[in-house]
Amino acid sequence: MTRRAAEWRQWLAGVLLAGCTMDALAASAAPPLSPPAAPAWVPAYAAYGEPKYATGFDHFDYANPLAPKGGTLYLRNPDRRTSFDKFNYYTLQGNAPAGMSIFMLEPLTVLSADEPRTMYGLLAQEMLIAADKSSITFRLNPLARFSNGDPVTAADVKYSFDSLAGPYASPLFSAPLAGVRQAVVLDARNIRFDLADKSSDTLFKLGALPVFSLKWGLKPDGTHTRFDELITEYPLTSGPYTIAVADSGRRIEF
1 MTRRAAEWRQ WLAGVLLAGC TMDALAASAA PPLSPPAAPA WVPAYAAYGE PKYATGFDHF
61 DYANPLAPKG GTLYLRNPDR RTSFDKFNYY TLQGNAPAGM SIFMLEPLTV LSADEPRTMY
121 GLLAQEMLIA ADKSSITFRL NPLARFSNGD PVTAADVKYS FDSLAGPYAS PLFSAPLAGV
181 RQAVVLDARN IRFDLADKSS DTLFKLGALP VFSLKWGLKP DGTHTRFDEL ITEYPLTSGP
241 YTIAVADSGR RIEF
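With the working numbering applied, the sequence shown covers 1 to 254.
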């Protein structure tokens, strides 16, 4: 090795040692990293940015709370179905009446129509979302009621989820819930969903979960009618309308 090469190697070793020393000093002087903030209960969740509406808002800007109420709306075959032969909208075989899901059922959350992909609590009052999106917990609104006056409980939500995610529901409804591992009832008002697909998509699919009463299909012995065998029994729901008259597959009045 020449003298020049030896000097160069000695200089390089000194530079590397100095760099390591400076890095060590900087690391020791830096303040410790703060732990990530714990997730908090929120009334809304936005996929992009922050929700537009503040906690406790009265109505969406595009809705008129003073609009006149009353009257009758007649819809003639709104989606071209020729008849109906069941009242279970969520199974594969047969046809349910048009309008059932719109008029009778409510989801856990509702999407705002004037901002990108944001859901606000409807049957749910608040949401608790894990930082890594591994779970979402819904706290139900204590004012939420089914049409018979029963409160909407976490057990009702779990029954709805298990029915719609199970083998007897139409794939149209079970497939979107495939990213959910399980639903866990924490107490009467709180239910946690553990996610296999840790994404905003799955959060929104759960927010859109329609909820019906645990009493729908409940038999005297405490067991439930198999979901795809719930055909002529009216669902017990929380939406603004119930079935008043159903005329042999030709006409239905809510």
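I should point out that these hints are in silico values taken from the structure, not numbers from a laboratory. Among the clues, some could well be false.
[Said to hold, decoys possible] 35 Å max Cα-Cα, derived DSBU-like pairs, lysine-lysine: (1) K52 / K219; (2) K198 / K69; (3) K205 / K158; (4) K69 / K215.
Query raised in the report: Which hint numbers doesn't this structure obey?
Result: 1, 2
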